[in-house]
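**Student:** In the order they appear, the protein sequences are chains P and Z.
No gaps in the numbering here: position 148 of the first sequence is 148 in this note's numbering, and each next residue is one more.
No gaps in the numbering here: position 57 of the second sequence is 57 in this note's numbering, and each next residue is one more.
Please note that a few of the clues may not be correct.
Said to hold, decoys possible - To be clear about the criterion: a stretch of chain P counts as covered by chain Z if any three or more of its residues have a C-beta under 8 Å from a C-beta of chain Z, and this derived list gives those stretches:
1) 126-136
2) 144-154
3) 218-232
Source of the hints: derived by calculation from the structure; they are not laboratory data.
The C-beta atom is built at its ideal place from N, Cα and C for all residues, glycine as well.
These are the residues of each chain, in order.
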Amino acid sequence: MSRLLVACFVVFPFAGLFLTFPTSPTWDEAILNTVAYVVAVALINVWLGIGTAWWLLFTESKWKAWVEWLTFLPLFIPVLASMFGMYIALAQVGLIGTYTGVGLVLLVTTLPYSIRLAYNAMYVIGRPLLEQSLTLAPLTRIGFVLFPLMKESVRTIVLFSTVIVLSQFVLVQLIGAGLVPTVTTRLYQAYGGNDVSLALQNTWVLVSLPVLFYIGLGAMFGIWIRLVKGRLQ
Amino acid sequence: MSLVLSGIRKRFKDRDVLRGIDLTIPNGEIHALVGVSGSGKSTLLRIVAGLETLDAGSVTWEEMPLDGVPPHLRRITMLSQSPLLFPHLTVGENVTLATPNRSREEAEAWLTRVKLPGRYDAEIHELSGGEQQRASFARALAAAPRLILLDEPFTNLDPGLKSELQRLIRDLVRELELTALLVTHDREEAMLVADRVTLLATGQVLVTGTPGRLSETESTFGDFVEVSGTLLPSTDIDVSTEPTSDSIVLVRTFIRFGHHFGEYRRPTGEYVILPRSESFKVGETYYLRQKQGGI
Chain P
1 MSRLLVACFV VFPFAGLFLT FPTSPTWDEA ILNTVAYVVA VALINVWLGI GTAWWLLFTE
61 SKWKAWVEWL TFLPLFIPVL ASMFGMYIAL AQVGLIGTYT GVGLVLLVTT LPYSIRLAYN
121 AMYVIGRPLL EQSLTLAPLT RIGFVLFPLM KESVRTIVLF STVIVLSQFV LVQLIGAGLV
181 PTVTTRLYQA YGGNDVSLAL QNTWVLVSLP VLFYIGLGAM FGIWIRLVKG RLQ
Chain Z
1 MSLVLSGIRK RFKDRDVLRG IDLTIPNGEI HALVGVSGSG KSTLLRIVAG LETLDAGSVT
61 WEEMPLDGVP PHLRRITMLS QSPLLFPHLT VGENVTLATP NRSREEAEAW LTRVKLPGRY
121 DAEIHELSGG EQQRASFARA LAAAPRLILL DEPFTNLDPG LKSELQRLIR DLVRELELTA
181 LLVTHDREEA MLVADRVTLL ATGQVLVTGT PGRLSETEST FGDFVEVSGT LLPSTDIDVS
241 TEPTSDSIVL VRTFIRFGHH FGEYRRPTGE YVILPRSESF KVGETYYLRQ KQGGI
């Protein structure tokens with residue numbers, strides 16, 4: 001009974017979505033921007049997240065503690081609290097109201113989580129096993145060992161950064177100064193204007209992107225592993 | 001001369017782990033670094049592998065400096081306490097990945113040499129601990145190294161597997177004319193496997209020599225070396241026919257580097273390897289005693 005109740009709680013908010021599909025979806029600038037941000041931020045998160053986590057795990061630098069503290073600082077400070085600081089900093093260099101400014105802020109928001117996820121994954125895999133891979137040439141190491149070992153973490157980083165990017169409204173609106181349309185900013189306008197059709201279309205984009213990423217990444221990783229193992233037969 | 005370590009120093013935070021290590025290991029030699037935990041032996045091995053930076057000194061191979069050379073360009077492989085096989089690959093795939101040409105045939109040949117024929121497609125978890133360590137050894141050899149580093153590779157094995165793997169590694173390293181650097185805290189292991197032994201203590205070389213010579217001349221050899229996992233009190237242990245409170249039974253005899261050794265079983269079930277008189281007989285009871293003037 002309790003399970004049924006929980007299922008109802010989970011499904012109920014989405015019931016409307018499944019009962020009503022957008023009738024005439026249009027591919028507009030907001031969707032294009034959102035997809036571009038999601039892809040770019042996810043890729044940079046994977047690259048910098050794993051790179052920084054690797055450095056944190058292996059470095060003996062005296063700066064390690066400082067870097068660790070700085071990279072994890074945004075995890076302790078709510079985004080809204082740090083947003084105004086980012087606003088002032090970006091205004092100083094003329095990035096308010098620009099696509100670059102919005103991209104930077106989305107990166108700052110997501111990167112600490114990605115570093116933490118990658119670091120935890122490497123910690124679980126263990127330094128000795130990762131060190132064992134150092135005897136392989138860099139491309140072999142990444143393609144045959146690190147990527148397959150960390151594929152689930154990569155997927156989590158991509159999905160996590162995607163969902164965070166798709167959840168930002170205030171941040172994008174403030175730093176973008178209303179000049180950078182995304183699905184979320186369009187969605188809020190649609191809510192305000194009572195445009196159900198447009199709201200529905202943008203909501204479906206928000207729902208579809210992570211699902212497509214999840215399925216797409218799963219398929220891509222599966223193919224990659226088969227290729228890797230095929231090369232070793 | 002092949003591997004030369006000169007004036008190696010390493011400091012972790014406020015502790016000097018290595019304090020000026022000088023060591024020369026000729027080509028084709030199996031060299032053991034012996035010392036208790038914290039003596040710096042594993043750190044030294046990691047420096048040679050390129051996994052750790054050094055604060056001072058140099059590592060050279062055939063007079064070519066290795067400092068700053070990344071691990072994958074050193075042609076040095078390492079066998080650790082744990083097999084460290086990549087879990088997403090099969091046993092054979094782990095070995096193939098290490099071969100220069102990614103050749104399955106070559107990998108299968110290496111698996112056969114370490115007595116794992118037909119296990120190419122086995123998953124890692126299907127192998128026992130000893131088999132995994134053998135597969136790891138096959139991978140280390142398949143990479144065509146010029147130097148193989150052995151970081152206490154027998155520690156987690158039971159006695160039977162341990163001596164089997166010791167023989168296998170020693171014989172294959174000799175057959176392939178590789179240079180090997182073995183780190184161990186176990187004196188008997190060093191004596192059985194190595195051509196020469198270096199004793200390390202508090203980050204310094206105490207002495208280097210053949211196991212036989214060290215065993216007979218260096219009173220320090222036993223001072224800090226565990227025998228079958230137990231630190232024997234004092235150090236100058238000898239085996240005698242005169243009864244003492246510490247009896248042992250001779251279970252096996254062998255000659256190593258021209259010296260007569262015996263494997264003895266203590267009443268507690270531990271095995272120790274110590275020198276023996278030629279007249280000693282297997283199955284007889286002998287006695288441990290403190291030796292005057294060192295072993």
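**Student:** Hint by hint, work out which the structure violates, then give me just those numbers in ascending order.
**Tutor:** No numbers; nothing is violated.
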